[in-house]
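Peer 1: As a plain string of letters, each chain reads:
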Amino acid sequence: MTTAFLIATIIKVLVLFHMVPIMVSLLTLAERKVSAWIQFRYGPNRVGPWGLFQPIADGLKFFFKEELVPEGANPFLFRIAPALAAGPAMMTVAVIPFTFPILIDGQPFSMAIADINIGVLFFIAMSGLGVYGILLGGWGSNNKWSLLGGLRASAQMISYELSMMMSVITVVMLTGTMNLGEIFSFQGEHTWILFFFPVGTIAFVIFLIAAFAETNRLPFDLAECETELVGGFHTEYSSMKFALFFMGEYSAMFTMSCLLATFFLGGPTFFGLIESIDSLWLRALIGFLVFAAKVGLFLFFYIWVRWTLPRFRWDQLMHLGWKILLPISILNLMATGILIATGVLS
Amino acid sequence: MSPDTNKAETTYTSILVDGKEYQAPLGGRLIDFLHSIGKEIPHFCYHQGLPVAASCRQCQIESKGKGPRPGLAVSCRETIIEGMEILTDSELVRKARAGVMEFLLINHPLDCPICDKAGECMLQDTAYATGQDRGRTHEPRRHLDKRKSLGDKILLDNERCILCTRCVRFFEAVTKEPQLTVLDRGDRSYLSTFMGDPLHGNYQGNIVDLCPVGALTLKKFRFKSRVWFLHSTETVCGLCSRGCNISVETRDNKILRIRPRHNPNINDFWMCDEGRLEFDRYNLEVTETRLPSPFYRDSQGHQVPTNLQEALDQAAPLLLRNPKVLFVLSPFATIEEGWAFKEMVETLERFGLEPEMGYYQPDPNAKGDEFLHTDEPAPNCKGLREEVGLKAIPPESLEGQDPTRLALIGFGFGELLGRACLETIAAQGPLLHLGIRSDLFPNALVRLAGWSPMEKAGHWIAACGTKQYLRPALRPPALSGDDFQLLTRLQERILTWDEEQFEIQDKEELGNQTQGTEEVRT
Amino acid sequence: MKVRRMEKRLSLMEKLAIPEILKGLSITFRNMFRPKVTRQYPEERYEAPIALKGQPLLVENEDGTPRCVACSMCEVVCPAMAITIKAEETERYIEREPEEFSIDMLRCILCGLCEEVCPKEAIIMSDRYELANFTRESLVFHKDRLMTPIKELEGRIRFTKEKFDKWHR
Numbered sequence: 001m002t003t004a005f006l007i008a009t010i011i012k013v014l015v016l017f018h019m020v021p022i023m024v025s026l027l028t029l030a031e032r033k034v035s036a037w038i039q040f041r042y043g044p045n046r047v048g049p050w051g052l053f054q055p056i057a058d059g060l061k062f063f064f065k066e067e068l069v070p071e072g073a074n075p076f077l078f079r080i081a082p083a084l085a086a087g088p089a090m091m092t093v094a095v096i097p098f099t100f101p102i103l104i105d106g107q108p109f110s111m112a113i114a115d116i117n118i119g120v121l122f123f124i125a126m127s128g129l130g131v132y133g134i135l136l137g138g139w140g141s142n143n144k145w146s147l148l149g150g151l152r153a154s155a156q157m158i159s160y161e162l163s164m165m166m167s168v169i170t171v172v173m174l175t176g177t178m179n180l181g182e183i184f185s186f187q188g189e190h191t192w193i194l195f196f197f198p199v200g201t202i203a204f205v206i207f208l209i210a211a212f213a214e215t216n217r218l219p220f221d222l223a224e225c226e227t228e229l230v231g232g233f234h235t236e237y238s239s240m241k242f243a244l245f246f247m248g249e250y251s252a253m254f255t256m257s258c259l260l261a262t263f264f265l266g267g268p269t270f271f272g273l274i275e276s277i278d279s280l281w282l283r284a285l286i287g288f289l290v291f292a293a294k295v296g297l298f299l300f301f302y303i304w305v306r307w308t309l310p311r312f313r314w315d316q317l318m319h320l321g322w323k324i325l326l327p328i329s330i331l332n333l334m335a336t337g338i339l340i341a342t343g344v345l346s
Numbered sequence: 001m002s003p004d005t006n007k008a009e010t011t012y013t014s015i016l017v018d019g020k021e022y023q024a025p026l027g028g029r030l031i032d033f034l035h036s037i038g039k040e041i042p043h044f045c046y047h048q049g050l051p052v053a054a055s056c057r058q059c060q061i062e063s064k065g066k067g068p069r070p071g072l073a074v075s076c077r078e079t080i081i082e083g084m085e086i087l088t089d090s091e092l093v094r095k096a097r098a099g100v101m102e103f104l105l106i107n108h109p110l111d112c113p114i115c116d117k118a119g120e121c122m123l124q125d126t127a128y129a130t131g132q133d134r135g136r137t138h139e140p141r142r143h144l145d146k147r148k149s150l151g152d153k154i155l156l157d158n159e160r161c162i163l164c165t166r167c168v169r170f171f172e173a174v175t176k177e178p179q180l181t182v183l184d185r186g187d188r189s190y191l192s193t194f195m196g197d198p199l200h201g202n203y204q205g206n207i208v209d210l211c212p213v214g215a216l217t218l219k220k221f222r223f224k225s226r227v228w229f230l231h232s233t234e235t236v237c238g239l240c241s242r243g244c245n246i247s248v249e250t251r252d253n254k255i256l257r258i259r260p261r262h263n264p265n266i267n268d269f270w271m272c273d274e275g276r277l278e279f280d281r282y283n284l285e286v287t288e289t290r291l292p293s294p295f296y297r298d299s300q301g302h303q304v305p306t307n308l309q310e311a312l313d314q315a316a317p318l319l320l321r322n323p324k325v326l327f328v329l330s331p332f333a334t335i336e337e338g339w340a341f342k343e344m345v346e347t348l349e350r351f352g353l354e355p356e357m358g359y360y361q362p363d364p365n366a367k368g369d370e371f372l373h374t375d376e377p378a379p380n381c382k383g384l385r386e387e388v389g390l391k392a393i394p395p396e397s398l399e400g401q402d403p404t405r406l407a408l409i410g411f412g413f414g415e416l417l418g419r420a421c422l423e424t425i426a427a428q429g430p431l432l433h434l435g436i437r438s439d440l441f442p443n444a445l446v447r448l449a450g451w452s453p454m455e456k457a458g459h460w461i462a463a464c465g466t467k468q469y470l471r472p473a474l475r476p477p478a479l480s481g482d483d484f485q486l487l488t489r490l491q492e493r494i495l496t497w498d499e500e501q502f503e504i505q506d507k508e509e510l511g512n513q514t515q516g517t518e519e520v521r522t
Numbered sequence: 001m002k003v004r005r006m007e008k009r010l011s012l013m014e015k016l017a018i019p020e021i022l023k024g025l026s027i028t029f030r031n032m033f034r035p036k037v038t039r040q041y042p043e044e045r046y047e048a049p050i051a052l053k054g055q056p057l058l059v060e061n062e063d064g065t066p067r068c069v070a071c072s073m074c075e076v077v078c079p080a081m082a083i084t085i086k087a088e089e090t091e092r093y094i095e096r097e098p099e100e101f102s103i104d105m106l107r108c109i110l111c112g113l114c115e116e117v118c119p120k121e122a123i124i125m126s127d128r129y130e131l132a133n134f135t136r137e138s139l140v141f142h143k144d145r146l147m148t149p150i151k152e153l154e155g156r157i158r159f160t161k162e163k164f165d166k167w168h169r
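Protein chains in written order, with our numbering: chain B, 1 to 346; chain H, 1 to 522; chain Y, 1 to 169.
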């Protein structure tokens with residue numbers, strides 16, 4: 001490992017990890033802007049040009065709010081829960097390759113922070129951890145609304161994690177690898193998983209729906225539904241602890257969008273056009289832009305759906321998760337296996 | 001004094017008013033009878049206490065039968081005779097009154113928004129009832145002096161005057177000293193004093209009450225308040241022993257105006273200017289000139305504000321340790337207070353002390369006249385002397401006294417005592433003072449905050465012997481007390497005062513202080 | 001009692017839900033490009049119609065004297081008892097004017113009765129509608145803050161003259 005390689009890695013880590021909070025702050029602004037547009041309003045436009053500095057103002061406000069620990073709460077769990085909610089969501093970013101690898105000292109240099117062989121497994125493990133923050137936050141608050149919110153969140157995440165994993169396994173079976181870099185380069189060589197009809201498409205739809213449930217976004221935000229549970233698991237939280245929950249939710253959205261782009265839309269590839277560029281640096285740059293466009297598409301979709309669809313009922317949520325998505329995803333998995341075994345695909 | 005004292009031998013006859021039969025006093029004045037049966041007859045120049053002029057022609061009625069010849073007649077001029085038939089609200093009467101009204105309003109300025117009389121103005125009421133809200137004349141109204149000063153008490157607005165001559169007749173018939181007259185003729189006539197001299201005498205204020213419009217206004221009340229904001233209380237004037245019946249008109253706990261009430265036996269419709277205008281002694285500002293709470297003098301000679309209980313605790317030993325206290329009650333005190341005062345002093349006698357007591361009998365001044373004002377500048381000397389049986393203490397016997405054995409009880413010593421006498425008493429301070437003024441006795445050992453006659457209820461006996469009831473018109477300060485109540489509580493405190501008991505209480509207090517530690521308790 | 005259920009039977013497409021979701025998404029997407037209805041308030045101000053009853057003000061004549069003669073009609077008619085008047089004497093032909101005239105805007109309910117009752121058209125409901133402030137004292141308007149040159153209030157004075165059929169010239 002050479003010095004240049006080391007420096008490049010450090011730069012990469014710093015840049016990619018700082019990208020997450022920046023993306024989160026921009027997302028909060030985007031959320032408010034898009035919702036305003038949908039409702040014929042302007043949205044925040046007081047702080048800076050087009051309200052661009054609104055997230056800074058929000059953050060400052062969070063810092064100056066009073067921190068409260070409710071009476072009867074478990075102080076340790078209450079304090080650690082926001083970190084547990086935000087941490088795993090941000091850590092998943094580590095395995096996502098943001099663009100094509102480049103050459104440093106003649107060696108290929110992956111644009112994921114951790115270019116590991118079991119990237120998919122890492123993602124599965126991390127998204128499984130994400131539930132703990134919400135569950136412990138709800139339980140540690142000593143508040144019935146928080147507890148109900150935490151319970152709902154855990155039940156919902158476990159339910160939808162299954163079908164999500166099934167569709168991820170479909171992708172893994174199709175590409176034959178668990179390394180995310182290889183997953184997108186496979187898609188560059190063949191075509192996007194989305195177009196592996198029907199199994200790839202079905203996997204995509206299931207993953208998309210499950211991603212909404214995993215990130216607790218509308219129409220699946222039963223863990224914090226205001227009309228029933230006041231604020232759900234974060235009822236008792238204030239100041240930066242509340243902000244951390246918020247950041248967790250938005251960074252989960254961000255990583256989910258990145259994964260969707262990588263798994264199903266071929267990451268930075270674009271029908272072989274970008275791979276044909278000879279210069280590695282230019283290819284990486286344009287690949288990054290393409291990847292960013294795909295991620296942005298999904299992020300917009302997230303917000304768009306939120307301001308369009310109403311919330312599910314709890315029984316409808318469970319019905320959808322266990323009786324519809326899970327059977328379909330299992331059947332889809334079996335179909336994939338059959339198709340691969342019979343040689344229809346690859 | 002009253003115009004209808006010979007009511008006893010009145011015979012009644014039956015007359016028809018608006019088609020209904022009534023029993024009316026034969027020979028009585030028609031307008032009075034119509035008012036007494038509830039008919040509203042508008043009138044300006046007529047007043048019960050004045051001779052009839054019949055110049056305004058507003059009180060017209062229609063006569064049908066015997067008496068005045070058929071047609072319109074002025075009811076203030078007519079006496080009741082047998083077989084009269086009267087219509088008070090016929091078409092003819094209404095038309096005639098509206099016509100009179102229109103003539104009166106030709107030159108009367110539309111001053112109601114700036115006129116102090118608005119709200120109690122007879123012309124305004126009648127114009128409103130007549131209902132003609134627009135004039136038919138195009139000619140300019142006549143312009144006269146709007147701010148003509150008639151002496152230091154009254155202002156005349158000649159434009160508003162409707163020449164009813166009530167004020168002229170008041171000076172002619174009631175005070176028998178004519179001062180006003182109507183000058184010039186026809187539409188140029190106007191009200192004036194003789195040679196433009198200012199008014200004099202002690203009864204000018206009555207013409208302001210008499211004026212049916214806002215032509216004559218009191219300088220002291222001018223623009224002070226609209227009359228509909230005033231709260232009126234019926235009570236008795238205390239500035240001389242006549243005991244005139246008055247209504248005190250207040251706003252925001254301040255007296256703004258005092259007006260006489262009709263009492264045929266005492267003051268008829270009138271009152272003097274002194275009683276009407278000198279009410280500032282009741283409008284004291286709390287903490288500036290008004291004693292807000294009881295005070296006592298501490299050992300360094302400072303006046304310390306305190307509460308009633310503590311002030312009584314200070315006062316009781318003072319009275320008990322001085323064997324010869326001279327208690328002087330103000331002649332402004334009510335009879336009830338006189339009794340309480342007497343019993344309080346007699347309680348001290350039971351302790352073997354030799355207190356003296358009496359009420360202060362002010363010297364007669366030269367203010368008395370044949371009409372209303374008497375020589376005695378206090379309201380209740382007769383009551384305290386004859387009903388309560390207190391001894392009169394003249395000013396001379398007070399002057400030689402040692403101030404430190406004086407106890408001055410009641411409102412009014414500041415006004416009644418002579419300046420020299422006041423200063424000698426105030427220098428050493430009386431032993432005890434109960435009053436309302438904070439500037440009076442700054443060296444008194446104990447000062448109790450009492451109420452003024454405008455704040456308390458009770459009885460006074462006027463010089464003519466009538467016992468009259470006082471009603472509270474003002475709210476006293478929160479920490480002051482009713483004089484009667486203060487006197488009875490002082491008596492109670494004297495009765496419960498016991499040197500031995502005091503010592504025992506002292507010991508208990510000492511015991512309580514040492515009981516702080518556990519050892520003492522066990 | 002018979003109960004008739006009015007449940008709508010869903011068609012197959014509706015049961016699949018995805019087309020319906022897409023329909024909803026298309027509606028919200030189209031909404032994004034429709035004109036905005038928000039008023040940019042502090043910059044883009046609301047022009048009140050003449051009939052609006054805003055902050056009551058006192059009319060100041062061209063020569064700087066108050067039109068009000070302190071007749072207390074508004075004081076007595078005010079249902080919220082927001083008006084306090086103290087009169088004083090002047091040297092002018094109209095010999096009376098307010099020495100103190102205060103409207104407690106915390107109490108004022110903007111009913112306009114004072115304007116209707118005023119015999120001199122001296123108290124006028126203006127179009128000022130921004131009546132918020134930080135202290136109670138600053139919301140008790142005294143004569144100095146109420147007196148407004150007659151020019152600014154002419155429109156409303158004309159309007160009230162027609163509305164209440166006032167006789168005053």
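Check the hints yourself; a few may be wrong.
Stated by the list, open to error - Interface residues of chain Y toward chain H, partial, derived using beta-carbon atoms under 8 Å: (1) 16; (2) 69; (3) 72; (4) 79; (5) 88; (6) 89; (7) 96; (8) 117; (9) 119; (10) 120.
Keep in mind that the hints were calculated from the coordinates and are not lab data. Idealized CB from N, CA, C, for every residue including glycine.
Peer 1: Now tell me if each hint is right for this structure.
Peer 2: Status of each hint after checking the structure:
1. 16: violated, 78 Å
2. 69: holds, 5 Å
3. 72: holds, 4 Å
4. 79: Interface hint status for residue 79 of chain Y: violated (16 Å vs cutoff 8 Å).
5. 88: Cβ of residue 88 of chain Y sits 6 Å from chain H, so the hint holds.
6. 89: With a closest approach of 6 Å, the residue 89 of chain Y hint holds.
7. 96: holds, 4 Å
8. 117: Residue 117 of chain Y check fails; min Cβ-Cβ to chain H is 11 Å, beyond 8 Å.
9. 119: With a closest approach of 5 Å, the residue 119 of chain Y hint holds.
10. 120: Cβ of residue 120 of chain Y sits 6 Å from chain H, so the hint holds.
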